[in-house]
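> Here are the chains, one letter per residue:
Protein chains: 2
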Amino acid sequence: MSNESLLENLSHGNKRIVSRVISLIENDNQKSEELISQIFSKTGNAYRIGITGPPGAGKSTITNQLTKLYASQNKTVGIVAIDPTSPFTGGALLGDRVRMTEIGMNDGVFIRSMASRGSLGGLSRKAVDAGDVLDAAGYDYVIYETVGVGQSELDIVEAADTTVVTLVPESGDSIQALKAGLMEIGDIFALNKSDRPGAETAISSLKSMLQLKFHTENDWIPEVLQTIASENKGIETIAEMIDKHRMFLTETNELSLNRLKQTKKRIEDIVLEKVKLTIKSKEFNYGFKDLDTLPDQISSPVQIANYIFKNLTNNKEVDVGN
Amino acid sequence: MSNESLLENLSHGNKRIVSRVISLIENDNQKSEELISQIFSKTGNAYRIGITGPPGAGKSTITNQLTKLYASQNKTVGIVAIDPTSPFTGGALLGDRVRMTEIGMNDGVFIRSMASRGSLGGLSRKAVDAGDVLDAAGYDYVIYETVGVGQSELDIVEAADTTVVTLVPESGDSIQALKAGLMEIGDIFALNKSDRPGAETAISSLKSMLQLKFHTENDWIPEVLQTIASENKGIETIAEMIDKHRMFLTETNELSLNRLKQTKKRIEDIVLEKVKLTIKSKEFNYGFKDLDTLPDQISSPVQIANYIFKNLTNNKEVDVGN
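One line per chain: the protein sequences are A and B, in this order. Reading the first sequence from the start, the letters are residues -11 to 310 in the numbering used here. Reading the second sequence from the start, the letters are residues -11 to 310 in the numbering used here.
Everything labelled a hint here was simulated from the structure, so no lab data went into it. It should be emphasised that the depicted structure is a prediction, and the values quoted were computed from it without experimental measurement. The reader is advised that the hints may include incorrect statements.
To be verified - No more than 20 Å apart at the CA atoms, straight line, and that leaves these computed lysine to any residue pairs for SDA-like:
hint, chain 1, residue 1, chain 2, residue 2
1, B, K264, B, Q18
2, A, K30, A, E(-4)
3, B, K298, A, S20
4, A, K298, B, S20
5, A, K195, A, M229
6, A, K252, B, N294
7, A, K252, B, K264
8, A, K19, B, K298
9, A, K253, B, Y295
10, A, K264, B, Q250
11, A, K252, B, S269
12, B, K264, A, T251
13, B, K253, A, N294
14, B, K268, A, R4
15, A, K298, A, I286
16, A, K298, B, T251
17, A, K63, A, G92
18, A, K264, B, E261
19, B, K252, A, N294
20, A, K264, B, L248
21, A, K268, B, N246
22, A, K253, B, K298
23, A, K298, B, K298
24, B, K298, A, N302
25, B, K252, B, G96
26, A, K298, B, K268
27, B, K264, A, E256
28, A, K249, B, K264
29, A, K30, A, R4
30, A, K19, B, I286
31, B, K268, A, G92
32, A, K253, A, E172
33, A, K264, B, K268
34, B, K264, A, K30
35, A, K264, B, T301
36, A, K298, B, D16
Unchecked claim - Derived coverage of chain B by chain A (criterion: at least 3 residues anywhere in the stretch with Cβ under 8 Å from a Cβ of chain A; other residues may be distant):
hint, region
37, 20 to 26
38, 293 to 301
Using N, Cα and C, we set each Cβ at its ideal position, and we do this for glycine too.
Same shape as in the complex, but just chain A (with noise of 0.2 Å):
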């Protein structure tokens, strides 16, 4: 099927199309490229929710719960899961993985897992790219579920509008340090199985937390919600601190900047990946594969990227802007 008759169809009603589109744009490749092209001119009518948290904390539960609320006031949700298949982690997620099949059932459901093992620097870009392919097949939501370890799935996160990070009461002391990052990156906050022991402790340390970031009036402050997701406790709070989360974005004009930034962040990690590829490339004379013909005065790390990088650019002058 050509690209053209392949975007005329790709619509949430024929999740073969997306199915296959998503497939499509996973490889590399001319044809890969032009198809992103043209999806991208189709996006920025899905609204993209980003959920993450540690392994156990019920990202998969909360996905699947707020998912069927969606579903049940007729709005599509497409999802991109990111599997960790980290020797380590690989099987334990095997049950969250079956309920969520069970919810793309639903016609309005699609739901995309990838695999986050061995592609390291490319999956965020193409887990944003799939969000592209449900956002142009006209779903209302799209969802990324990923776990929050490791830049690359906190990157996907950030190609989110709004961030839930979802958090359990055991987390507790290490919670502080820990997840720094996820603190950083979450719009609204979730304490998950909240009836567990612990859990009011855990409510006031997360909070005197985030009173610990500096906040401006014009700011919006982080929610602390209380969930018991596998009792559908709470989501219907989650989701509407979502829309007020969207509302306060588009009023403050800071989904459009958002989204802006997150464009531009994009356009810089292909080009980083270019060029990681280009000086790793059997073709580029100054790579790594021929660091043994490098000329003999050349000796120290700094030296041989800066002929490494002068090769690159052609001897051009450019002030990298000290």
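Starting from the known structure of chain A, fit chain B onto it as the hints suggest.
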């Protein structure tokens, strides 16, 4: 003082000069690049140890005791400690720093703290450069002590010859997945505070996780040790295990292979940093500041990235190696 006289006087006997050289290389300028290059040619003699783990696992205490042990064996030790200065973690580690400053009074011990805040990409490069200075100054051991959260921190311990991952029994449950990144980089695991409840369970779960990882018969099998660093228990065993790992690396030639790999990674990082600065600089006409002036037909991130990449490389034909 000229670079030449700085280098001449760079020795673990002269902490003032060591400190000054590290401060100089922390700046990004022509002089610091030259200095780094000159220093690099004098490196390769120190043995580099990375000590990492979640906050509160006792990294500083282990670093402290291990350093005392080495000092008692008349070995000199240079420490590069990465301070987590996120608003959420800032104050917590002050006690550790004070304790570490005490060992710093020892003639053969040098401690340099580096802030992790606000330097992101550049941090790992500078920490590794600081390690080079200590190596060139003749310290027998260079220890990188860093919290195991974030890519930047992991990059630093990857510059070590032997990485010790410290954990505590409380890490318990969520250890399994959450620290997958740490699991993969550890050569030695120290379960610290191993007199606390749950130690036995933690040890066996750690061991079974490590067994999940595929090992060929020629691989180094990471060892799990028990320590109570605050009571100086288990520190000698860590030192012995570091020696054993060092011997293994030397015999299998992995020591030099790893170091070559690290050097290549450093080169790549510097090139990418230069590219980032370039595409963001005013002088580079198709940088982000001029996104608005791009031709109309260019609209998607991947197209803009291609455009920027072509401009960067002066339209030079390079095969990006797909």
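> Compare the structure with each hint and give your call.
Hint-by-hint comparison with the structure:
The hinted pair formed by K264 (chain B) and Q18 (chain B) meets the criterion: a straight-line CA distance of about 18 Å does not exceed 20 Å. For the hint pairing K30 (chain A) with E(-4) (chain A), the CA-to-CA distance comes to about 11 Å; that is within 20 Å, so the pair holds. Distance hint between K298 (chain B) and S20 (chain A) is fulfilled; the C-alpha atoms sit about 19 Å from each other, no more than 20 Å. Of the pairs offered as hints, the one joining K298 (chain A) and S20 (chain B) holds, with about 19 Å between alpha carbons and a cut-off of 20 Å not exceeded.
Restraint check for K195 (chain A) and M229 (chain A): the C-alpha separation of about 16 Å stays at or below 20 Å, so the hint holds. Annotation: proposed proximity of K252 (chain A) to N294 (chain B) holds, straight-line Cα distance about 13 Å (limit 20 Å). At most 20 Å may separate the alpha-carbon atoms for a hinted pair to count; K252 (chain A) and K264 (chain B) meet this at roughly 12 Å. Proposed proximity of K19 (chain A) and K298 (chain B) is supported: the alpha carbons are some 19 Å apart, at most 20 Å.
Restraint check for K253 (chain A) and Y295 (chain B): the C-alpha separation of about 15 Å stays at or below 20 Å, so the hint holds. Taken as a hint, the K264 (chain A) and Q250 (chain B) pair is honoured in the structure, with Cα atoms around 16 Å apart against an allowance of 20 Å. Only pairs whose Cα atoms come within 20 Å are accepted, and K252 (chain A) paired with S269 (chain B) is accepted, the gap being roughly 14 Å. For the given pair, K264 (chain B) sits about 15 Å from T251 (chain A) by alpha-carbon distance, which is consistent with the 20 Å threshold.
Taking the CA atoms of K253 (chain B) and N294 (chain A), the gap is about 14 Å. The hint holds against a cut of 20 Å. With a CA separation close to 40 Å, the supplied pair K268 (chain B) and R4 (chain A) exceeds the 20 Å bound. Proximity of K298 (chain A) to I286 (chain A) is assessed by CA-CA distance (about 13 Å); at most 20 Å being required, the pair is judged to hold. About 19 Å separates the Cα atoms of K298 (chain A) and T251 (chain B), which keeps this hinted pair within 20 Å; it holds.
For a cut-off of 20 Å, the pair hint linking K63 (chain A) to G92 (chain A) stands: about 14 Å separates their Cα positions. A threshold of 20 Å between alpha carbons decides the hint, and for K264 (chain A) with E261 (chain B) the separation of about 11 Å falls inside it, so the pair holds. Among the hinted pairs, K252 (chain B) with N294 (chain A) is consistent with the structure: their alpha-carbon atoms are about 13 Å apart, no more than 20 Å. As the CA atoms of K264 (chain A) and L248 (chain B) are separated by approximately 18 Å, the hinted pair is consistent with the 20 Å bound.
Note on K268 (chain A) and N246 (chain B): the hinted pairing holds, with a Cα-Cα distance of about 18 Å set against a maximum of 20 Å. A distance of roughly 18 Å separates the Cα atoms of K253 (chain A) and K298 (chain B); the hinted pair therefore holds under the 20 Å criterion. Annotation: proposed proximity of K298 (chain A) to K298 (chain B) holds, straight-line Cα distance about 15 Å (limit 20 Å). Distance restraint check for K298 (chain B) and N302 (chain A): the Cα-Cα separation of roughly 11 Å lies within the 20 Å cut-off, and the hinted pair is therefore satisfied.
Distance restraint check for K252 (chain B) and G96 (chain B): the Cα-Cα separation of roughly 31 Å exceeds the 20 Å cut-off, and the hinted pair is therefore not satisfied. At roughly 17 Å between alpha-carbon atoms, K298 (chain A) and K268 (chain B) fall within 20 Å of each other, so this suggested pair holds. Proposed proximity of K264 (chain B) and E256 (chain A) is supported: the alpha carbons are some 7 Å apart, at most 20 Å. In summary, the hint linking K249 (chain A) to K264 (chain B) is supported, as the alpha carbons are separated by about 15 Å, within the 20 Å threshold.
A distance of roughly 19 Å separates the Cα atoms of K30 (chain A) and R4 (chain A); the hinted pair therefore holds under the 20 Å criterion. At roughly 16 Å between alpha-carbon atoms, K19 (chain A) and I286 (chain B) fall within 20 Å of each other, so this suggested pair holds. For the hint pairing K268 (chain B) with G92 (chain A), the CA-to-CA distance comes to about 42 Å; that exceeds 20 Å, so the pair is violated. Simply put, K253 (chain A) and E172 (chain A) have alpha-carbon atoms about 18 Å apart, close enough for the 20 Å limit, and the pair holds.
Taken as a hint, the K264 (chain A) and K268 (chain B) pair is honoured in the structure, with Cα atoms around 17 Å apart against an allowance of 20 Å. Between the alpha carbons of K264 (chain B) and K30 (chain A) the distance comes to roughly 28 Å, so the proposed pair goes past 20 Å and is violated. Taking the CA atoms of K264 (chain A) and T301 (chain B), the gap is near 13 Å; set against the 20 Å cutoff, the hint holds. Proximity of K298 (chain A) to D16 (chain B) is assessed by CA-CA distance (about 18 Å); at most 20 Å being required, the pair is judged to hold.
With a cut-off of 8 Å between beta carbons, the region 20 to 26 of chain B has 4 residues touching chain A; three or more are needed, and the interface restraint holds. Given as covered by chain A, the region 293 to 301 of chain B passes the check, having 6 residues with a CB less than 8 Å from a CB of that chain where 3 are the minimum.
The structure fails to meet hints 14, 25, 31 and 34 from the earlier list, while all remaining hints are met.
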